[in-house]
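Respectively, the protein sequence lines represent chains B and H.
Position one of the first sequence corresponds to residue 0 (numbering that gives the first Met the number 0), numbered consecutively onward.
Position one of the second sequence corresponds to residue 0 (numbering that gives the first Met the number 0), numbered consecutively onward.
Derived by calculation from the structure, the hints in this document are not laboratory data.
Mixed in with the good hints there might be a few duds.
The list cannot tell twin chains apart, which means a pair is met if one copy fits it or any two copies do.
What the hints assert, rightly or not - Keeping only pairs whose Cα atoms sit at most 25 Å apart, straight-line, the calculated DMTMM-like set for lysine to aspartate or glutamate is:
(1) Lys63 <-> Asp25
(2) Lys220 <-> Asp84
(3) Lys178 <-> Glu45
(4) Lys63 <-> Glu45
(5) Lys63 <-> Glu224
Each chain, letter by letter, is given below.
There are 2 protein chains.
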Amino acid sequence: MSARRAVVLLSGGLDSATCLAIAVRDGLEAHALSVDYGQRHRAELEAARRVATVLHAASHRVVKVDLRSLGGSALTSDAIEVPKDRAPEEIGHGIPVSYVPARNTVMLSVATAAAEVLDADAIYVGVNALDSSGYPDCRPEFLEAFRAVARLGTRRGVEGRPFDLRAPLLALSKAGIAKLALSLGVPVAETLSCYDPLPARSPVGPAVHCGRCDACSLRRKGFREAGLADPTTYEG
Amino acid sequence: MSARRAVVLLSGGLDSATCLAIAVRDGLEAHALSVDYGQRHRAELEAARRVATVLHAASHRVVKVDLRSLGGSALTSDAIEVPKDRAPEEIGHGIPVSYVPARNTVMLSVATAAAEVLDADAIYVGVNALDSSGYPDCRPEFLEAFRAVARLGTRRGVEGRPFDLRAPLLALSKAGIAKLALSLGVPVAETLSCYDPLPARSPVGPAVHCGRCDACSLRRKGFREAGLADPTTYEG
Chain B
0 MSARRAVVLL
10 SGGLDSATCL
20 AIAVRDGLEA
30 HALSVDYGQR
40 HRAELEAARR
50 VATVLHAASH
60 RVVKVDLRSL
70 GGSALTSDAI
80 EVPKDRAPEE
90 IGHGIPVSYV
100 PARNTVMLSV
110 ATAAAEVLDA
120 DAIYVGVNAL
130 DSSGYPDCRP
140 EFLEAFRAVA
150 RLGTRRGVEG
160 RPFDLRAPLL
170 ALSKAGIAKL
180 ALSLGVPVAE
190 TLSCYDPLPA
200 RSPVGPAVHC
210 GRCDACSLRR
220 KGFREAGLAD
230 PTTYEG
Chain H
0 MSARRAVVLL
10 SGGLDSATCL
20 AIAVRDGLEA
30 HALSVDYGQR
40 HRAELEAARR
50 VATVLHAASH
60 RVVKVDLRSL
70 GGSALTSDAI
80 EVPKDRAPEE
90 IGHGIPVSYV
100 PARNTVMLSV
110 ATAAAEVLDA
120 DAIYVGVNAL
130 DSSGYPDCRP
140 EFLEAFRAVA
150 RLGTRRGVEG
160 RPFDLRAPLL
170 ALSKAGIAKL
180 ALSLGVPVAE
190 TLSCYDPLPA
200 RSPVGPAVHC
210 GRCDACSLRR
220 KGFREAGLAD
230 PTTYEG
């Protein structure tokens with residue numbers, strides 16, 4: 000069965016924006032879904048809104064899930080600082096404090112709920128195992144396990160029409176994602192990867208990347224290694 | 000490894016309350032977790048609060064997850080009526096409109112997040128496959144698949160200390176659950192199973208069960224088949 004409608008998890012960062020662009024390129028009616036989980040970098044939700052508009056998503060939903068009430072991560076607790084100035088080679092070894100407990104499980108479960116309601120055939124998620132921050136829920140074996148959950152725990156699965164869980168960036172380097180993003184017309188300057196962004200410099204501009212957190216390091220490295228001009232505004 | 004701390008999903012109904020009582024009986028430090036997902040029967044959250052107190056849960060959290068913004072179920076959309084007066088033998092055949100898309104996946108994912116933050120060894124969930132409403136996400140094969148997700152997508156799993164996902168009611172009949180509940184001191188009259196409850200009759204009393212939805216039918220049938228007096232207040 001060829002997919003015709005998809006739910007695309009859209010955080011507002013480079014990877015998920017590229018993922019949305021892929022779904023649109025694949026000819027799907029792409030419904031973007033962002034999760035407001037109480038993240039420190041809430042500005043990414045505004046970035047997601049802009050990206051969804053530019054890339055002609057069929058719709059854009061923001062679903063609230065209060066993970067801040069649980070805490071346990073630099074991204075959901077003000078008591079834990081976002082690590083800065085780590086060397087790129089440090090990133091991805093061990094699980095950093097920016098890991099949000101079970102975040103991708105939570106996000107994929109909400110995406111599964113949305114896909115069930117919208118009768119979508121596919122779910123797109125922009126996880127990336129190669130240039131990742133070392134999160135357990137970005138690994139291929141995790142996605143494979145979630146695929147079984149989405150098949151066994153839903154009406155569509157019972158009806159023999161399971162969702163096609165697609166992670167098209169899984170095996171790409173950040174450089175590969177940067178190239179792909181530009182080739183697909185992703186409004187890169189509008190995307191926000193930073194965990195600890197600064198306010199926008201103009202009322203219509205995007206939030207400013209700190210330039211020092213792991214997400215900024217990986218983003219910078221991607222453009223540099225791809226030999227592409229990086230359109231991002233970094234503070235540091 | 001023997002478990003010492005658990006997260007217990009507590010809706011406030013008979014099954015999850017019994018599940019909490021089992022975790023306490025098993026000697027665990029039991030942290031109750033309720034999910035406010037925009038359910039029509041929000042009164043169950045108040046029931047959960049009372050049950051957690053009576054059963055001496057170590058803590059009780061209510062985490063908001065806005066599934067009402069997605070709709071698609073009689074329990075999260077005012078546009079879909081809760082089915083009433085179905086014969087007990089009708090219940091469990093096919094998936095009813097009270098099915099909330101991917102609800103147990105969402106709840107278990109939040110429980111996994113909480114277990115990760117609390118460093119809990121076990122997650123208890125009161126799903127029941129025998130006298131269930133016919134929901135796909137109450138089946139043993141779904142739970143088995145989620146077990147893999149919780150192992151592969153978390154820090155504890157990576158560290159070789161995966162959560163023990165326990166569903167002690169899975170193979171029990173509703174009659175068996177009713178018996179167990181009473182033997183464990185569950186405050187049955189305080190629990191709320193109903194999908195469409197009426198207001199409490201006194202300021203300190205529990206909400207009144209409609210007596211006509213599938214959840215009420217299964218609850219009544221359980222006490223009747225167990226030969227036990229049913230302490231529930233039903234309207235119809």
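Unsatisfied constraints (hint numbers, rising):
Result: hints 1 and 5 break, sorted rising.
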